[in-house]
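Trainee: Put chain H on the given structure of chain V with help from the hints.
First to last, the sequence lines map onto chains V and H.
Going by my numbering, the first sequence opens with residue -19, and the numbers climb by one from there.
Going by my numbering, the second sequence opens with residue -19, and the numbers climb by one from there.
These aren't lab readings, by the way, just hints derived from the structure by calculation.
Any given hint might turn out to be false.
Heads up, simulated DSS-like pairs for lysine-lysine below, C-alpha to C-alpha not over 30 Å straight-line [to be verified]:
1. V:119 to H:398
2. V:56 to H:321
3. V:318 to H:56
4. V:398 to H:310
5. H:26 to H:191
6. V:164 to H:398
7. H:119 to V:398
8. H:434 to H:398
9. H:310 to V:203
10. H:398 to V:128
11. V:398 to H:321
12. V:310 to H:203
13. H:164 to V:398
14. H:318 to V:56
15. V:321 to H:56
Coverage of chain H stretches by chain V, computed from C-beta distances (three or more under 8 Å per stretch; other residues unrestricted) [what the hints assert, rightly or not]:
16. 156 to 168
17. 229 to 235
Not everything, but these chain V residues come out facing chain H in the computed CB check (under 7 Å) [what the hints assert, rightly or not]:
18. 224
19. 226
20. 230
21. 295
22. 304
23. 393
Glycine included, every Cβ here is placed at the ideal spot set by N, Cα and C.
Spelled out from the first residue to the last, the chains are:
Protein chains: 2
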Amino acid sequence: MDTFFNPSSVVVIGASNSPFNLGSTICRALGEFLPFKGKVYAVNRKAETVYGCQGYAAVNDIPDPVDLAVIITPAKVVPGFVKQCGEKGIRRIVIESSGFSEGGEQGTAMQHEIDEISRAYGMRIMGPNCLGVMNTENKFCCFYGIQKEDFDTFLQESGSISYIIQSGGIVVIVLESFRTDVVKAAKIVSIGNKSDIDEADMIEYYDGDPKTDVICMYLENIKHGRKFLDAAKKVKKPMLVFKVGRTTEGVRAAQSHTAGMANNDLIFDSACKQAGIIRVRSISELHSLPKMFTHMPPLTGKRIAVFTNSGAFGGITADLLIEAGLEMAKLSPETQEKLAKTGQIFNVSNPIDLGPALSMQTFLEIFDILLSSGEVDGLLPVPSLWHPMVIEAIMELVKKCHQYGKPAAIYTPNAAAKTISYRDTHQVPLFESPEEAVRALSVSYQQYLYRLRKEDLRVRPSVEARARQGVSPYQDYAEGA
Amino acid sequence: MDTFFNPSSVVVIGASNSPFNLGSTICRALGEFLPFKGKVYAVNRKAETVYGCQGYAAVNDIPDPVDLAVIITPAKVVPGFVKQCGEKGIRRIVIESSGFSEGGEQGTAMQHEIDEISRAYGMRIMGPNCLGVMNTENKFCCFYGIQKEDFDTFLQESGSISYIIQSGGIVVIVLESFRTDVVKAAKIVSIGNKSDIDEADMIEYYDGDPKTDVICMYLENIKHGRKFLDAAKKVKKPMLVFKVGRTTEGVRAAQSHTAGMANNDLIFDSACKQAGIIRVRSISELHSLPKMFTHMPPLTGKRIAVFTNSGAFGGITADLLIEAGLEMAKLSPETQEKLAKTGQIFNVSNPIDLGPALSMQTFLEIFDILLSSGEVDGLLPVPSLWHPMVIEAIMELVKKCHQYGKPAAIYTPNAAAKTISYRDTHQVPLFESPEEAVRALSVSYQQYLYRLRKEDLRVRPSVEARARQGVSPYQDYAEGA
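Here chain V stands alone, though its shape is the one from the complex (with noise of 0.2 Å):
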């Protein structure tokens, strides 16, 4: 699997100088501006060298060998090419062009030829309808349409979040988010119609794989039920997924989109529950929720002290968090009088009011109060940005949550554009909502459960010293913490 995202040498059979080519947008992405160190050919009738890429009549004119092989051609003619790479030796395929399955019964049939051709040769399939593969490490993409602002934007820095995304539209919107987020993604894999390679292959390379911290999924069907739970009980690693067909009308309108058998959710859903993958409501959970996991530890109790200067928001998380399942942290008469020590707080029962000014200093005492307390497991700090000073003590505040092993899901209520500035310009887990941010720590907790019944490991006493070792978040998860 690895070859996929590391190829040596690389053909795109397809690509040419013709107008509108979209082979030739994958040439002038690994040719011009991806700092790609491999080899890239180009395959097309007239022999036409693309972008840079040496091109040739045939695959089996090439005179090197070639790792990888991406077909963006008609539909017709991709059996004859999978064939060609079969002969070159060529093991590693990703077949972008559609009108296979996903297009009725003639696109059925030539899937099935390809599949029996792949199987003489003993090729890997990524595909047909699909993007394949994006490493932000080696900038390694061959998603058509990449455009030189793209590579700017989302393949110049490098995360740990990988994903398996089923749709090239929802990559799109994947990438989008990582402008303005602190987390980036590691390796994003479009699969498609999934001939070869379904996601049950995917999570148990993203498991392996040390670039990736998190494993976000977008489906809208599984390919193999059993495999597919086999493979994700194994996974160490935190799994989102948002499937869609949850409706019979939901499960029709992907069929014609990628294909795929309908699937049952309610056996779905119990899957996810016995393999500790969570579910998530939305598209932009996929990418708000991950930073929980990659920028804080994890929630070992439900245990919430919650602190804002501005005193609705006292009500509102309190809501949320109850109806989240988590509980509003009880604070002892010796944890409130510290508080009421500083000064400055308005009301030192959780949801604590901070008042309309608070000092860098007394947000500090704050901080170390509750989180040395015994008495809470996680915050939800709701500080307006009101004062430069305040987005100082949130980065403050991050330090102290893995000092002491403790999360806390901040929002800052301001206009969303101004948190995402602020969170953009400090790298600082900023969330938009109460909601966002209350559910991040549901999820946070419910991934440490199930970690903890998983693995039968019990809070052991040394999470607080190991955090303060410098143990990454993720550690403390797929350690059970």
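Mentor: Chain H only, in chain V's frame:
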């Protein structure tokens, strides 16, 4: 009540030139940058003139009659000033000071004292612990802390959404959201502890206010359940409410904020159903949903047609529509044939897959085919904004929706920033997620059904004709469409 929003003369009691004086921010706004035409006075110990507002040492020293007093002094001197206002003949008082029933026994006693004085003089009181009123029509605003920048952003343009918001912090969030949306505020009121004027008084006033088309509320409690229900049942305009205190913990948190009684949430929910009030699920719905009422005709049936050029959104929206109790419209063979004849569509059954590159002409044909088919009650378009032509097509769609009397909830699957900027520049009602768009259709239909049931009206055949005559979407609701 109208005097609160349209006073000819106002006195700000407690405004002085001392540093950090909150009252002075109100004088600064009214005296300097708000183009409010009324006379403004200040009352303070030294009789100082504040930002051009003539100063007096006592209310009775003001030589002319005064319509409205705004009190922003320490709580303990408020009762005395209320009495001075009574003697001066002022009958409308906004008390912004906090420290009353939300702050314990002593505060509660003072609040009772104020109640008695105001009853004796026949005065109406707004607050205490509130921000008072903002009227975008005459540019009167007595919110303390308002800045020139706020005025430029929020108050310059006048819209048709009026708000009743129990918390000052939420006022700020709602105001900030208007920066980039097609809807704007008409009037905003922050009613705080509701010693006298409460939500029931306000909805009654807004219902009769010709500038208000939609009424939105953020409430932490209901003062008099029966009074509220009776008032709400008479209202003809769409009402949306976000209520805190759905859980015991939320109630407790809200009590320390604006001091209301606990209300049973199930009773409140039943009251909302009886009075046709839409309960929203987040603060953001309070500003994202109203545009469905102001910019689109009502949804008068469940049958929704989806069209998109990102195949994934066919399945995503089908799931969401069904989960919201709506239906995927079934297109007849005739309608599908008409769609096929446009020659550019990938999939002509609902959800309609537009394919990657549609012309303006085809967009217009699709709108007409669907809206005139008799098989569709509303549209859920999900077009990518890949070309400026698409936004022009959307602008045409908005016109056609009014022409045919059927709504569209439009979601453009791009980066939120791009969507928001298009919405702002072209003034089209774009939603920011598929969930938000489906929710908008759902609340539109909910409101329609309520009006239909309540007024025992049937869908009249003249609805499309009336829409073509330029009857406003709000009137469609008011008249049961």
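Trainee: All hints, please: hold or fail.
Mentor: The hints, checked one at a time:
As the CA atoms of residue 119 (chain V) and residue 398 (chain H) are separated by approximately 26 Å, the hinted pair is consistent with the 30 Å bound. Restraint check for residue 56 (chain V) and residue 321 (chain H): the C-alpha separation of about 25 Å stays at or below 30 Å, so the hint holds. About 29 Å separates the Cα atoms of residue 318 (chain V) and residue 56 (chain H), which keeps this hinted pair within 30 Å; it holds. Restraint check for residue 398 (chain V) and residue 310 (chain H): the C-alpha separation of about 43 Å exceeds 30 Å, so the hint is violated.
The straight-line distance between the Cα atoms of residue 26 (chain H) and residue 191 (chain H) is roughly 40 Å, outside the 30 Å bound, and the hint therefore fails. Simply put, residue 164 (chain V) and residue 398 (chain H) have alpha-carbon atoms about 20 Å apart, close enough for the 30 Å limit, and the pair holds. Proposed proximity of residue 119 (chain H) and residue 398 (chain V) is supported: the alpha carbons are some 26 Å apart, at most 30 Å. Proposed proximity of residue 434 (chain H) and residue 398 (chain H) is contradicted: the alpha carbons are some 41 Å apart, above 30 Å.
Taking the CA atoms of residue 310 (chain H) and residue 203 (chain V), the gap is about 29 Å. The hint holds against a cut of 30 Å. Between the alpha carbons of residue 398 (chain H) and residue 128 (chain V) the distance comes to roughly 18 Å, so the proposed pair stays at or under 30 Å and holds. A hinted pair counts as satisfied when its Cα atoms are at most 30 Å apart, and residue 398 (chain V) with residue 321 (chain H) does not qualify at roughly 47 Å. As the CA atoms of residue 310 (chain V) and residue 203 (chain H) are separated by approximately 28 Å, the hinted pair is consistent with the 30 Å bound.
Using a Cα cut-off of 30 Å, the hinted pair residue 164 (chain H) and residue 398 (chain V) holds, with the two alpha carbons roughly 20 Å apart. The hinted pair formed by residue 318 (chain H) and residue 56 (chain V) meets the criterion: a straight-line CA distance of about 29 Å does not exceed 30 Å. Using a Cα cut-off of 30 Å, the hinted pair residue 321 (chain V) and residue 56 (chain H) holds, with the two alpha carbons roughly 25 Å apart. Counting residues of the segment 156 to 168 of chain H whose beta carbon lies closer than 8 Å to any beta carbon of chain V gives 4, which reaches the threshold of three, so the coverage claim holds.
With 6 residues having a beta carbon nearer than 8 Å to a beta carbon of chain V, the segment 229 to 235 of chain H meets the requirement of three or more and the stated coverage holds. Here the hint on residue 224 (chain V) is kept, as its CB sits about 4 Å from the closest CB of chain H, short of 7 Å. Interface restraint check for residue 226 (chain V): the shortest CB-CB distance to chain H comes to about 5 Å, inside 7 Å, so the restraint holds. Hint status for residue 230 (chain V) relative to chain H: holds, with the closest Cβ pair at about 4 Å, below 7 Å.
Because the closest C-beta pair between residue 295 (chain V) and chain H is about 4 Å apart, less than 7 Å, the hint holds. Here the hint on residue 304 (chain V) is broken, as its CB sits about 11 Å from the closest CB of chain H, past 7 Å. Using the Cβ-Cβ criterion of 7 Å, the hint placing residue 393 (chain V) at the interface with chain H is satisfied: the shortest such distance is roughly 6 Å.
Comparing the model with each numbered hint stated earlier shows that hints 4, 5, 8, 11, 22 do not hold.
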